[in-house]
Amino acid sequence: MAQDQAEVVGPAVGAFDGNEPLLVAALRRRDEAAFAALVKRYHSLMLRVARAQLNDVAACEEVVQETWLAVIKGIDSFAGRSSLRTWMFRILTNQASARLERDGRQIPFSALASADAVASEPSIEPSRFLSRDDGPRPYFWMADPREWPEDALLAAEVRSVIAEAVQLLPDSQRVVITLRDLEGWAPDEVCEALEISDGNQRVLLHRARARVRAVLDDYLGSGGR
Amino acid sequence: MTPPPLQITCKEFVELVTAHEDGALPEWDRIRFESHCQHCSGCRAYLQQMRLTISALRSLPREMAEPDNLDELARTFKDYKPRAQS
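Protein chains in written order, with the numbering used here: chain A, 11 to 235; chain B, 12 to 97.
Bound-form chain B, shown alone (with noise of 0.2 Å):
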């Protein structure tokens, strides 16, 4: 049986919430994605937990590392001289 045409499955929802969370479905899709959302739990649950999984990459912390020749680079950087210029 096929599901009427402004539904779409589980498996299919599961498929668009990035492309929801960007924006970046077409009218209708959304419209769709929704509406399912509304009536159904699981997809409310799965859509919960990606949320969760997506502010928590967000607020890992961040690895920064300077590079050994840090005050080489800075120095080329202060020094370089566009060869154009003439």
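Just chain A, same shape as in the assembly (with noise of 0.2 Å):
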């Protein structure tokens, strides 16, 4: 039923697909075939990452050219404490607020989520529903959400139209649905990568996929265009 993502993968990297062990012993030999691997599978997320981050395009790339070198220097000292990439968006996470602190202008990236957590956003609008002068069944559905067909969201075109909601949403959440469900990391590798509570970054996960649902819904519903 519910938990399918709970498969504790390791990075999908070239030919250390799933043995984190064995790319972090490669590194660690400096293996530069294991770390070219790593940066190739790694260097467009931390971009999408850093961007939730800071406004500024120049700065993301600076941030994370910062964060390779420190991945760099840092690979000997990685305990395993953590996953790898956990560890390295970790990394990400700390030069972005260093960065903020230094250019004196933003909040950081935690203080930003939890503010967007706590802001109030129905999944559903609240019109959907019933209310208390309806009569004895208050807040349930006022006409059923429709049933989409199994195979609805299978299109090449429904694709395009998912990527695009996504890039639409507001950072935070763009940020943990990106990680979460585009990724398929575990929610504790994303409370930690991104510094944020447990609590904020279901929140977050959670908006932005009634987001998604909405916009594919009104797809679904308009004869998809």
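Hints are computed from structural coordinates only; laboratory data are not their basis.
Bear in mind that the values here come from a model prediction, so they are computed numbers and not experimental data.
Glycine included, C-beta positions come from ideal geometry on N, C-alpha and C.
Take these hints with a grain of salt, some might be off.
Straight-line distance between alpha carbons at most 16 Å, and here's what the computed EDC-like set of lysine to aspartate or glutamate pairs gives [said to hold, decoys possible]:
id, chain 1, residue 1, chain 2, residue 2
1, B, LYS92, A, ASP154
2, A, LYS83, A, ASP144
3, B, LYS89, A, ASP86
4, B, LYS22, A, GLU42
5, A, LYS50, B, ASP40
6, A, LYS50, B, GLU77
7, A, LYS83, B, GLU74
8, B, LYS22, B, GLU45
9, A, LYS50, B, GLU45
10, B, LYS22, B, GLU38
11, A, LYS83, B, GLU83
12, A, LYS50, B, ASP90
13, A, LYS83, A, GLU42
14, B, LYS22, A, GLU131
15, A, LYS50, A, ASP66
16, B, LYS92, A, ASP144
17, B, LYS22, A, GLU135
18, B, LYS92, A, ASP86
19, A, LYS50, B, GLU26
20, B, LYS89, A, GLU71
21, B, LYS89, A, GLU42
22, A, LYS50, A, GLU193
23, B, LYS22, A, ASP154
Here are some chain A residues pointing at chain B (derived, C-beta under 10 Å) [stated by the list, open to error]:
id, residue
24, PHE45
25, ARG61
26, ARG112
27, SER120
28, ILE134
29, PRO197
30, LEU226
Now the in silico label distances, taken between C-beta atoms and shown as ranges [unchecked claim]:
id, chain 1, residue 1, chain 2, residue 2, range
31, B, GLN59, A, GLY90, 33 to 41 Å
32, B, TRP39, A, ASP208, 50 to 58 Å
33, A, LEU164, B, ASP90, 26 to 34 Å
34, B, ILE42, A, ASN29, 36 to 44 Å
35, A, LEU164, B, PRO93, 49 to 57 Å
36, B, PRO37, A, ALA153, 58 to 66 Å
37, A, ALA121, B, ASP40, 26 to 34 Å
38, B, GLU83, A, SER207, 35 to 43 Å
Can you join these two chains into the complex? Each is in its own frame, and there are hints to help.
Below you can see the structure in the form of structure tokens.
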């Protein structure tokens, strides 16, 4: 039922797919190919995560470069208490916070994320539910949501609708849904990488999913146009 | 009129889906969630929409691009000598 994502997989990095101890060992003996595979696998994702934390594209590039240098210097002291990717992205988050502090202009991501999580945002418009005046079942559906055909989301066109919906999410929601759903990270990895609480990551993930669902429901309801 | 204690409303149900799918609901909330779902066709439809949404998100293609200075980074990596070792 619920738990199909709990598979703890290591980073999918070239020949080391899923075998994190082997990858870490290769990095420790300075295996260039292993490192290049790691960079190829995570560079884009780092940029996307940085982009949610910093507004300035050039600053994101710099922060990601600084992160790779920190990974190069720090891999020997990586203790394996978290997954390698969690450790790397935590470095990224720290670099981004340091950057924000240095530029003295924005609030750190963790503060932004908790402010966003506290603000109220219902998954479904309240008008879709019966009200207290409508009789004995307030807050139940006024009309049932429609059933989607099982194969409704398989079309290539739908993928671009989904990708666009993700792009349009607020920063804090976009980064959490990217790591949790698009990349398949476990909740605790996301919390640690972004320095946010478990409750906040779940609220942000839920809102992000609810927004994407609403976009899809509109799309499917309009006959896919 | 207040619903019986074991019951949650549809409005509450839709907010609990992610916590339920993560296995993060406290036991009693999980029981309320699942029993509501059994009796409510609207929430079953909503849950199905969310599950289809999640699996579609998981199957989105991954964007991967390497940095322009990949070779330089890889060299820096290979040649890096920890300072403390002497």
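Evaluation of the provided hints:
| no. | hint | verdict |
| --- | --- | --- |
| 1 | LYS92/B to ASP154/A | violated (64 Å) |
| 2 | LYS83/A to ASP144/A | violated (64 Å) |
| 3 | LYS89/B to ASP86/A | holds (13 Å) |
| 4 | LYS22/B to GLU42/A | violated (53 Å) |
| 5 | LYS50/A to ASP40/B | violated (43 Å) |
| 6 | LYS50/A to GLU77/B | holds (5 Å) |
| 7 | LYS83/A to GLU74/B | violated (27 Å) |
| 8 | LYS22/B to GLU45/B | holds (15 Å) |
| 9 | LYS50/A to GLU45/B | violated (43 Å) |
| 10 | LYS22/B to GLU38/B | violated (20 Å) |
| 11 | LYS83/A to GLU83/B | holds (15 Å) |
| 12 | LYS50/A to ASP90/B | violated (19 Å) |
| 13 | LYS83/A to GLU42/A | holds (14 Å) |
| 14 | LYS22/B to GLU131/A | holds (12 Å) |
| 15 | LYS50/A to ASP66/A | violated (22 Å) |
| 16 | LYS92/B to ASP144/A | violated (73 Å) |
| 17 | LYS22/B to GLU135/A | holds (9 Å) |
| 18 | LYS92/B to ASP86/A | holds (10 Å) |
| 19 | LYS50/A to GLU26/B | violated (37 Å) |
| 20 | LYS89/B to GLU71/A | violated (22 Å) |
| 21 | LYS89/B to GLU42/A | holds (6 Å) |
| 22 | LYS50/A to GLU193/A | holds (15 Å) |
| 23 | LYS22/B to ASP154/A | holds (12 Å) |
| 24 | PHE45 | holds (4 Å) |
| 25 | ARG61 | violated (12 Å) |
| 26 | ARG112 | violated (22 Å) |
| 27 | SER120 | violated (20 Å) |
| 28 | ILE134 | holds (5 Å) |
| 29 | PRO197 | holds (6 Å) |
| 30 | LEU226 | holds (6 Å) |
| 31 | GLN59/B to GLY90/A: 33 to 41 Å | holds (39 Å) |
| 32 | TRP39/B to ASP208/A: 50 to 58 Å | violated (19 Å) |
| 33 | LEU164/A to ASP90/B: 26 to 34 Å | violated (48 Å) |
| 34 | ILE42/B to ASN29/A: 36 to 44 Å | holds (39 Å) |
| 35 | LEU164/A to PRO93/B: 49 to 57 Å | holds (50 Å) |
| 36 | PRO37/B to ALA153/A: 58 to 66 Å | violated (31 Å) |
| 37 | ALA121/A to ASP40/B: 26 to 34 Å | holds (29 Å) |
| 38 | GLU83/B to SER207/A: 35 to 43 Å | holds (38 Å) |
In this structure, the earlier hints numbered 1, 2, 4, 5, 7, 9, 10, 12, 15, 16, 19, 20, 25, 26, 27, 32, 33 and 36 are contradicted, and the remaining ones agree with it.
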